[in-house]
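Visitor: Using the hints, position chains B and C against chain A.
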Amino acid sequence: MSVIKNIGAIAKGMSITFGEMLQPTTVENYPDGPGPLKGAQFQERFRGTHVLQRDENGLEKCVACFLCAAACPSNCIYIEAAENTAEQRISGAERYAKVYNIDYNRCIFCGYCVEACPTDAITHGHGFESATFNASALVYRKEQMLSPTPAHMGSNSVFNHADVEAGAPALPQAGS
Amino acid sequence: MADLTLTVDGKKLTAPAGTLLIEACKSVGIEVPSFCYYPNLSLQGACRMCLVKIEKMPKLQTACTTVISEGMVVATDSDEVRQARKSMVELLLGNHPLDCPVCDAGGECELQDMAFSYGAAESKFMEAKNHKDEQQWSPVVYFDRPRCILCYRCVRVCGEGMDVWALGVQNRGVSSVIAPNKQDHLECEECGMCIDICPVGALTSGAYRYKTRPWEMNHIGTTCTHCADGCKTTLGVRRSDTGMEIVRGDNRDKSGINNDFLCIKGRYAFDFAHSTERLTQPLIRKDGKLSPATWEEAFALAGKNFAEIRTAHGGEAIGVVGSSRTTNEENYLLSKFARMVLGTNNVDHHRTADFPALAAALRGKSGQTASMRDVLSAPAILLIGNNPTEQHPLLAWQIRSNVRLRRAKLYVVNSQPIKLRRQAAGFAQIPAGAEAHAVAFLAGDDAALDHLVHQSATRESLLALRDKLRAETGLVVAFSSEIRGADVARLVHSKFAGAKFIALADYANSRGAADMGLYPDLLPGYEPLTTDSRFAQEWGTLPTVPGLTVPAMAAAAKAGTLKALYVVGANPVARFGLDPFAFSGSFVVVQDMFLTETALMADIVLPAANAYEKSGTFTNTCGDLQLVKKAGEVAGVKSDFEMIVRIADAMGFEVRKLVPFGGGTHADMGQSRGAQSGEADRHSVWLEAHGLEPRMSPFDPVAIFDEIQRLVPSYHVSRLDLLAGNDQHTDIGEAGPGAAHDPNLIIPANDDLFSSGTLGRYSHTLNSVMENKNAPAPSEVGAD
Amino acid sequence: MFFSDEFEARFADMLTHYPTRRSTLVPTLLYAQDEIGYLSDEVVAELAQRLDLNELEVRNVISYYSMLVTKPRGKYNIQVCTNIACMLKGGEELLDHCKHKLGIGHKETTPDGEFSLEEVECIGACSWAPAIQVNYDFHENLTVQKMDEVLDDYKKKGGEIL
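Residue numbers (the numbering used here), protein chains in the order written: chain A, 28 to 203; chain B, 845 to 1628; chain C, 960 to 1121.
Source of the hints: derived by calculation from the structure; they are not laboratory data. No experiment lies behind these values; they were computed from the predicted model shown. Each residue gets a CB set at the ideal place from its N, CA and C atoms; glycine is no exception. It cannot be assumed that every hint is accurate.
To be verified - Chain A is faced by these chain B residues, among others (derived, beta-carbon under 8 Å):
{"hint": "1", "residue": "887"}
{"hint": "2", "residue": "945"}
{"hint": "3", "residue": "953"}
{"hint": "4", "residue": "1050"}
{"hint": "5", "residue": "1053"}
{"hint": "6", "residue": "1055"}
{"hint": "7", "residue": "1056"}
{"hint": "8", "residue": "1057"}
{"hint": "9", "residue": "1059"}
{"hint": "10", "residue": "1060"}
Same shape as in the complex, but just chain A:
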């Protein structure tokens, strides 16, 4: 009896295998897929490299309140603040971040900084291609993390300058 039982079990198992063989493939064809995303598909909530967003006027949303640095459990955010002047206006409020660095050697992509931000200036984008042979290249400067486009050109950006330079699309794409 046990033989029949075992054959039955194998047949049941293989039926799933053969059944799935006939289904269309759902494997993502990254990086050989079509389009600017090279076949990558993102969940909206995916937490990739950060994007420092700009407001409708193209000004930086970050006001250098240091709350992200305070919330960061791995202490990877470094900020230096400065005051906007009438001649040189960087952010919408009185002050802006003169220096804003995130050390991706340490970042654990927990999202606390995004939670802490009172101006929705920092968001997790969808960039993930940050691998490098040089650890110091993983300290991203503000210029690398800024959104390439202001908010009125679509909703929040999901790829920052560094990602765009590496080939990601500047404007939000379907699936990104």
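Guide: Structure of chains B and C alone, referenced to chain A:
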């Protein structure tokens, strides 16, 4: 006063009659929230946050203005009270902008805390907020009208506390606004007390503006490096690309002798440390030009030349000038280095008060010197000469507070109508330069009266003043540097019952420099140069012939007998008006932060750390000993302590004899005692306090402090108290016999509120305030 | 310095009425304003010095009272009451009429310096509402026509003196 018993939230408590309810609650740990109430300022009752329910009273009462009474039953946490607080916060937030992320007070804002504890998350109000643009009232004071909650603390601290009255309230009702005295800007002492006391971010500091956030800084309590009052200042530091940057100074924890007081210098003038003109590399004169060199080259050259000159010409061919802004340990070490290593008594510093004369006059009489705390509690104070408002801001604050809060009597004898006369019970304006006659008269010499009668000071008024002074018990006498030599003794021996004395010097550690023996004829503790002194026993054979003073060194250099000069943190060329070419034939080594007039003529310039960048102790003009802790850090400089030791080493001297390091117990820093949080810290504090901590480095000032405590009797103070951050009074009456000096060697620094010797020249803040235009020219104050 | 003998006499008398000098500040400010027309910087400095106050304290008091002004106003200061009694009887219309006729708004002055206009709270003439006060004189039970007459009268008066 009789004690009254009352019940607060079911707890029985007793407090003296006259206590405010809010204070009585605080004494048993019940917090009643408030904005406008501030201890030691007049009562306002403006913010209505401290409303509490008192039984048998129909409405809620303000705890900050209610005096306790017998049998009172108070509820501070009932539903009604909580609801009232919630509404008050809601009303305050009605017009308060929600710009906490960009507000400098964010993170240490009392309104934030209150909203968090008592406030409602949502507001009923839908009206637009009344916006006004931010105003700049002075380089250091910014005012943001919408953030103001009208607690009037700033108005009161400026008027009552500082006696400046530069802030007022204009308009009424909801349009009330804090206004500066010059309509659109402030003209005041720029002390920043209003900013410090502001519970919200309405008044913010121009120096700290937008630099960082409170939680981003480390806070280090150290002693101010400017005037001789020795305020404790808590420096906020933040890591920068060249070390640690000092971004803020305040004393919000109210520790230290100054409570929460600081003047402009203590609060803002730390910025000289980050001046771009700061030296960060040793300089050696090559082909007539000072050019950058390595530390090894510089020490080797200095050591070689000093050793050669000492061997060839003897120690008397070398002169040493110390500083009144270096720590006690450094001054002691320099004194020891000169006598032991260089073999010379040619040691001097810029003297700004006659401490040796005071030591001589009080010899063997302990308890006759006043500490800065005594000034706040003394029943009567006599001030002869000086203008503390400008030169000793903390002394002036202590006097004002004492007069205001304890009704002390202040007597002022001065040649100028100084501002403190407004607090004085007796004021005598004497002719300029007649301070010595005034002392003679106070001591009982009526013949001196002829020199004093002047303007409003008639014979009768002066005699009446003296009678009043003689009737006072527990008088504190603070006297200026015009009182020197025999006059000090005359003053000390005048018939004032139980009087305590303060000699007013000008620099942060002027007293320490004197105590540590930076004199050509005195060893540390005002000991004379005898062969059997305890220093000779400890240090070995010392030269016993008195050495040269600074002017005599210049003369000797000109004559060719002084072959080398070693200047540590001083600027004798500017201060004593010396001819810089006098030293052109000598080998000159200067340790300083900047290229001063003296450094410019040096053969070797060594970049020094300032008092905010090293540890040690300072002694203020009253003799209060306090810790100096390392706060800032600038790459490329060394402490004077390390440089002295390294030069001794380069001269081939056995460093262990100079700095007794490496003693103590085995090197247990607490690691063997388990990893419980804080245990290693506590253990090391205990070891340090009991002198057991191993001084493992020759650059450890504590090793020298051990020796100071062992050999200088007036420094026998509680080490544990000192390490805990408290001030310890050193009694000059317990020191050695002192000496008589040429009174002309005392040169007042002439600094006012907005100047501070060499440091003041490089402080951006001090130079940016408009009141500074009346300050003396740098050349007149250019000193340590 | 630049005050009349009458002012000086009043000032001296006033000092005897109060225990401290500073208590005389408000009446003294009113007298000075009546004489000079407004409280200029010189007046503030002078009175501060006379009463042992600092200028800021004097300014604080001036800013508290709406009848004390620091800028020149017209020779005739027309104060129209719009509190409840006057409002019900047409005070608001009177104010609008004055604004239209004089071409100025609340707390403004005509270019020739003759009139200034002010909307005020109750002036205690509710029984004869609507009422206005011109400097220290009252005009009561007004209508728009009566208002015209009053204004014309003052215009004529002003012309005569000038």
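Visitor: Which hints from the list above does the structure break, by number from lowest to highest?
Guide: 1, 3 and 4
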